[in-house]
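Could you put together the complete structure from these sequences and hints?
Number of protein chains: 4
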Amino acid sequence: MIIMKADATKEQIDHVVKEIKKYGLRADVSKGAYKTVIGLVGDERKIPFDHFAVLPGVKEAMRVEIPYKLISREYNKYFEEAGEGMVIPVGNIKIGGDEPVFIAGPCAVETKEQLFKIAEGVKKAGAHILRGGIFKPRSSVHSFQGLGSGSQEDAEEALSWLAEAGRKFEMPVVTEVRGETQVDLVAEYADILQIGTRNMYDQDLLTMVSGKGKPVLFKRHFGASIEEFLSFAEYIAAESNKNIILCERGIVPVGKGKSYTRYTLDLAAVPAIQKETYLPIVVDPSHATGRRDLIFNMSCAAIAAGASGLMIEAHYNPAEALVDGPQSITPEELGEVIGACRRIHQLVASGRNKTKAISDEKS
Amino acid sequence: MIIMKADATKEQIDHVVKEIKKYGLRADVSKGAYKTVIGLVGDERKIPFDHFAVLPGVKEAMRVEIPYKLISREYNKYFEEAGEGMVIPVGNIKIGGDEPVFIAGPCAVETKEQLFKIAEGVKKAGAHILRGGIFKPRSSVHSFQGLGSGSQEDAEEALSWLAEAGRKFEMPVVTEVRGETQVDLVAEYADILQIGTRNMYDQDLLTMVSGKGKPVLFKRHFGASIEEFLSFAEYIAAESNKNIILCERGIVPVGKGKSYTRYTLDLAAVPAIQKETYLPIVVDPSHATGRRDLIFNMSCAAIAAGASGLMIEAHYNPAEALVDGPQSITPEELGEVIGACRRIHQLVASGRNKTKAISDEKS
Amino acid sequence: MIIMKADATKEQIDHVVKEIKKYGLRADVSKGAYKTVIGLVGDERKIPFDHFAVLPGVKEAMRVEIPYKLISREYNKYFEEAGEGMVIPVGNIKIGGDEPVFIAGPCAVETKEQLFKIAEGVKKAGAHILRGGIFKPRSSVHSFQGLGSGSQEDAEEALSWLAEAGRKFEMPVVTEVRGETQVDLVAEYADILQIGTRNMYDQDLLTMVSGKGKPVLFKRHFGASIEEFLSFAEYIAAESNKNIILCERGIVPVGKGKSYTRYTLDLAAVPAIQKETYLPIVVDPSHATGRRDLIFNMSCAAIAAGASGLMIEAHYNPAEALVDGPQSITPEELGEVIGACRRIHQLVASGRNKTKAISDEKS
Amino acid sequence: MIIMKADATKEQIDHVVKEIKKYGLRADVSKGAYKTVIGLVGDERKIPFDHFAVLPGVKEAMRVEIPYKLISREYNKYFEEAGEGMVIPVGNIKIGGDEPVFIAGPCAVETKEQLFKIAEGVKKAGAHILRGGIFKPRSSVHSFQGLGSGSQEDAEEALSWLAEAGRKFEMPVVTEVRGETQVDLVAEYADILQIGTRNMYDQDLLTMVSGKGKPVLFKRHFGASIEEFLSFAEYIAAESNKNIILCERGIVPVGKGKSYTRYTLDLAAVPAIQKETYLPIVVDPSHATGRRDLIFNMSCAAIAAGASGLMIEAHYNPAEALVDGPQSITPEELGEVIGACRRIHQLVASGRNKTKAISDEKS
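Protein chains in written order, with our numbering: chain G, 1 to 363; chain H, 1001 to 1363; chain S, 2001 to 2363; chain Y, 3001 to 3363.
Mixed in with the good hints, there may be bad ones.
Unchecked claim - Here are a few chain S residues that face chain G, going by a calculated C-beta distance under 7 angstroms:
id : residue
1  : Gly2042
2  : Gly2083
3  : Ser2140
4  : Arg2178
5  : Arg2198
6  : Asp2202
7  : Asp2204
8  : Gly2223
9  : Ser2231
10 : Tyr2235
11 : Ser2240
12 : Asn2241
As the list claims (entries may be wrong) - Think about it this way: if two alpha-carbon atoms lie no more than 25 angstroms apart in a straight line, the pair counts; the simulated SDA-like pairs of lysine to any residue are:
id : chain 1 : residue 1 : chain 2 : residue 2
13 : S       : Lys2258   : H       : Asp1324
14 : H       : Lys1258   : G       : Glu84
15 : S       : Lys2258   : Y       : Pro3067
16 : S       : Lys2212   : G       : Ser143
17 : H       : Lys1046   : Y       : Asn3317
18 : H       : Lys1212   : H       : Pro1137
19 : H       : Lys1046   : Y       : Ala3319
20 : S       : Lys2212   : G       : Ser149
21 : H       : Lys1275   : G       : Lys112
22 : Y       : Lys3124   : S       : Lys2258
23 : Y       : Lys3021   : H       : Arg1138
24 : G       : Lys31     : G       : Ile13
25 : G       : Lys256    : H       : Val1041
26 : Y       : Lys3021   : H       : Val1323
27 : G       : Lys258    : H       : Arg1138
28 : S       : Lys2022   : G       : Ser149
29 : G       : Lys22     : S       : Lys2214
30 : G       : Lys123    : G       : Thr330
31 : S       : Lys2256   : H       : Val1323
32 : H       : Lys1112   : Y       : Pro3137
33 : S       : Lys2094   : S       : Ile2066
34 : H       : Lys1214   : H       : Lys1256
35 : H       : Lys1022   : Y       : Gly3150
36 : Y       : Lys3021   : H       : Glu1157
37 : G       : Lys18     : G       : Pro67
38 : Y       : Lys3046   : S       : Gly2257
39 : S       : Lys2077   : S       : Arg2045
40 : Y       : Lys3010   : Y       : Gly3024
Hints were generated in silico from the structure; no laboratory data involved.
Even for Gly, the Cβ is constructed at its ideal location relative to N, Cα and C.
So this is what it looks like as structure tokens:
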């Protein structure tokens, strides 16, 4: 990481960037209010930091070893822009701000009528952002793959419904991009591009999606450790797009016999991740549990754990949904969830961060 | 399961029990206010239920296939005693009742002074039950194994401190029994006998501990599924002791690389288990996360998820604790945690159970 | 699945395919020597099999529920082409035939000299197929990503080296395709297209790679169950390309503390998978263990377990390799491994399949 | 670890042991042919090694940090008794010697006739040691728990059958001890005491079983890492009983969906463990796979991986076995397995250890 002096000129910054490229690395330039920080993308061991420390305009040049340095709190100490945590604006909504954000909608968009009916319902319930899957990743090629799996025209039509519903009910929209060939198309219609759990490790997709410059909702793979999750978020950040909303959605259950939930919702990952990165993190209790009868409790728990928001599947008739009905709640139930979560958020927001790690206290 | 008629006589009940033994099974007799239910311990496939259905005094005879039938809600439908959930009284404290219960104390009892100082602190902070480890299970034979690992006299002395601290500060006490040879001794001093995570599968210990008739705090093994957890709780229930307090304390992390928490706290297990059994369940965020800086958040989350209480490690000087210092909080911090948890409990208690499984709605 | 009569005409087959499309599914037509089998891609529940059973030329129409039906032994019973197991020809090499196949080469192609030196060495050692990574998937964006991560020209040059080395040393070549934008380019140069562990769930990439019609080496994701692995192989088969070589390469370790191997090599998956599918399966002990000192033992074990071949990383100087040196062996060591594996293969090939499942014996 | 001089007197050794006790640790004295090594049981950080280094008769005093130091190769470098690996004699059988050892018998002893019939069969097939479960650990209290679960007389009778069968067919016998109250009884009849997978963490049982001085067959817990497995074997070694036979028997499967084997057999653990400890390790393919149709392949693979022997469930009529029939093979099939394994053993024994870790080569 290279920290430039407050009065460093554009020429000095460009010179540093050029020097970095000489060593086969790329530069990620973050201009804060008071200073500019240049992150290095690539193998820092090749870099002679002593040489960089004495270049004109450079205040400090230091090695950062963590694999997710660009999104780390360590980096942010110098970058400072994110403060306590980064706030990502999407339309009028602020993700990571003072209020929890609720993302809701159908698992899969089925028809225009279905989408609009649900959109109206979730808006009334208090949702801020509309979700709806068009390119659905599925465990079996023999299952319904979403309207996006048909012709290009079908995909585009479904995407246009989503955008229209977003405009009509005044909610930004988020939908998943499953493959590189869909990126351009989806980016035309969606306000937030989602990377699903199965694609977390797909670094080429991450890079391409990041390049669109729109906020990215990035879901943890169900077999990934927190370190891996953050290390792949770094692929997005490395394209100079730091508008990344992390999403915990459950990891594979451990042990023999029935687990009673589809995945194990790792809520301690929420505060643990917040100690590592300045990025906001939301929770998806719907996919994590796979059970509508656990959504109320686990939504409350996620907000109590400190999540910046929730992503919840809603359907006016869960029993009829083509995909994931058993985990969808109705818009009315969503209203109850949002109400309870807001009250919990107020309650815990003040009490947080009272306990510190022993190591923090010592330092 | 055999359900007796409301007016069944003692002789009729005894006759049924005798008949059950003939088939090589044992009988678990639960006398409720209105009727008596006889659970079968052993392989029900050997039982001719038709034969039992026509014995005098028998109302209904039915096969229940779940491996944890004695503690199941299905069983309780007939037994009825537990109502919405079983309340386990320990001294003046009610576990599983209207208020969350807080169990706190040092990970390991080190000296009388240490124990009393912490007991006084956690009492002041609002704790209801005092915990303190004397027989410590450890991953390495080369680590401190608790005062119980010395002579019989040392173990007894440490146990007597615990009992004395409980009396002095008016808190029932709980401590772990690690092996069968310790059961009699520990049962003399403790109000609640704890089975630790590493002993969950130790069916002989479970049977022996259950036989003492005292409430059992039963921790989930860190590699066990929920089904296994409940199936081993059934070993305790099979000795006709249903005063079982389940405890979720984290399962092994999944994935490569750093996990940032010692275990994965499985909070969705709380409501999922509550749908299966009438037993109360508490959460131990200290062992689950291994990090004092996450205790506040995860305690709030556990209560929001519906836990009946918490088990938290406390120490006046976490940095000095012989065992698990990095996860202990101070009594002052405990006070903050308890305060926040109480407010969250009130808030969510009313809103619960709003969403039901699709299957429930259909039936 | 629709089984056509032996004398079904092309028109009759086309008519069935057309009817299938009417119901929103796709048809996978497999013409065997004696009959034609039409697999259905999509949700079979929509199909009125009674209607199809009476169409001209149809012998039988039946529902197959397994999510990997096109690659299942069940399917092959009718299809019959694969016999005991499918043999996939690549140049003069037969994968899945009577002899185990050895795929070897550097983890990452670094220079032309490095590649040719290793290619010469592994050929001498007895390897049949040359491997070499050009697009390297990495856990960190800050690590070396392979020569393919540079310009299009760099990638193409490295690919041309690989093809040239293959021609010079008479070995077909295999290399990984990491993203959809690389598929066309890699397919020009490689004889076998590899899908790496991190991309197993990337269904769009699978579909696109399959469409090239070349054999696909398909690696199990390190967090995937066998069922998931086969269900995603089905995505490849669903594009009518059944030249799929499965590859077991280790799954994430379980439990706290050191695991001593990078992944857990799941060798029982080899015979378990062979009972489910007619596709050949090879084993990669290099990535699974991450330790060169375990390669000899685990290669022997893999062949003893029934693997159709091995994929092994080799380097003339493992300590110098840019990627995965600690798991590479020298060409000389590879020769020892191949020799031992061949002898074990002969020894066990005759003794196999002596024990059958109880269910098989009953039927 | 304290290494005494070759000519150290008994008094000097006793003095060192006394000094160690002063610091609250225990001493494990190993007298080799040429020197005596004193291992420390407990927290070595309390020990002033400088002080010990200058005690009379002491050659060297050094800290060893690994949690399983008493069974480590590091320790054995000084102790030397075990040489390349420790050989444990049981009757005429040598476990860990030049020939693989085959342990076979029924999962559960059901009747005397059943046991004798199987014992005769497995002896004829080439088995060396007879296994038979009397105290069966089960996942459900409602399943058959073995003949040991009845009266003390029943348990003793079944044990006497086992001992008698062992004498009659000239095979040492091994059976499981599930709880501390069974240790004395089982030790009277069995030649080897088995600790089952569910009791691996039961340190009090380990200590008590070790104290009997008989060889211990120690199974890895299905959720334990290799480090944990060895750290708990250390509890046995710490009672000065190093006749420990480790047993790999599968760990919990990873991932969603069907796994097709009961557990994941971790065969790479075999050579990985052999690099860490001088103790022999055997493999149990029966419990690992739960499938009789995989036993042949996985037995061959285990021996190829370097296992010192196998533990296999056999029954003359697997379909009739009360416990684990689907994973039992017949004595005839066992004969085939043993024959193939012997040939593989000869084949690989010579080729082993050809590849070394890079770190070894550098040192």
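Consistency of the hints with the structure:
no., hint, result
1, Gly2042, "holds (6 angstroms)"
2, Gly2083, "violated (25 angstroms)"
3, Ser2140, "holds (4 angstroms)"
4, Arg2178, "holds (6 angstroms)"
5, Arg2198, "holds (4 angstroms)"
6, Asp2202, "holds (5 angstroms)"
7, Asp2204, "holds (3 angstroms)"
8, Gly2223, "holds (2 angstroms)"
9, Ser2231, "holds (5 angstroms)"
10, Tyr2235, "holds (5 angstroms)"
11, Ser2240, "violated (12 angstroms)"
12, Asn2241, "violated (13 angstroms)"
13, S:Lys2258 x H:Asp1324, "holds (20 angstroms)"
14, H:Lys1258 x G:Glu84, "holds (23 angstroms)"
15, S:Lys2258 x Y:Pro3067, "holds (11 angstroms)"
16, S:Lys2212 x G:Ser143, "holds (24 angstroms)"
17, H:Lys1046 x Y:Asn3317, "holds (21 angstroms)"
18, H:Lys1212 x H:Pro1137, "holds (21 angstroms)"
19, H:Lys1046 x Y:Ala3319, "holds (18 angstroms)"
20, S:Lys2212 x G:Ser149, "holds (19 angstroms)"
21, H:Lys1275 x G:Lys112, "violated (36 angstroms)"
22, Y:Lys3124 x S:Lys2258, "violated (41 angstroms)"
23, Y:Lys3021 x H:Arg1138, "holds (21 angstroms)"
24, G:Lys31 x G:Ile13, "holds (10 angstroms)"
25, G:Lys256 x H:Val1041, "holds (22 angstroms)"
26, Y:Lys3021 x H:Val1323, "holds (22 angstroms)"
27, G:Lys258 x H:Arg1138, "violated (28 angstroms)"
28, S:Lys2022 x G:Ser149, "holds (16 angstroms)"
29, G:Lys22 x S:Lys2214, "violated (39 angstroms)"
30, G:Lys123 x G:Thr330, "holds (12 angstroms)"
31, S:Lys2256 x H:Val1323, "holds (18 angstroms)"
32, H:Lys1112 x Y:Pro3137, "violated (39 angstroms)"
33, S:Lys2094 x S:Ile2066, "violated (28 angstroms)"
34, H:Lys1214 x H:Lys1256, "violated (42 angstroms)"
35, H:Lys1022 x Y:Gly3150, "holds (14 angstroms)"
36, Y:Lys3021 x H:Glu1157, "holds (21 angstroms)"
37, G:Lys18 x G:Pro67, "holds (23 angstroms)"
38, Y:Lys3046 x S:Gly2257, "holds (24 angstroms)"
39, S:Lys2077 x S:Arg2045, "holds (22 angstroms)"
40, Y:Lys3010 x Y:Gly3024, "holds (22 angstroms)"
Violated hints, listed in ascending order, are 2, 11, 12, 21, 22, 27, 29, 32, 33 and 34; each of the other numbered hints is respected by the structure.
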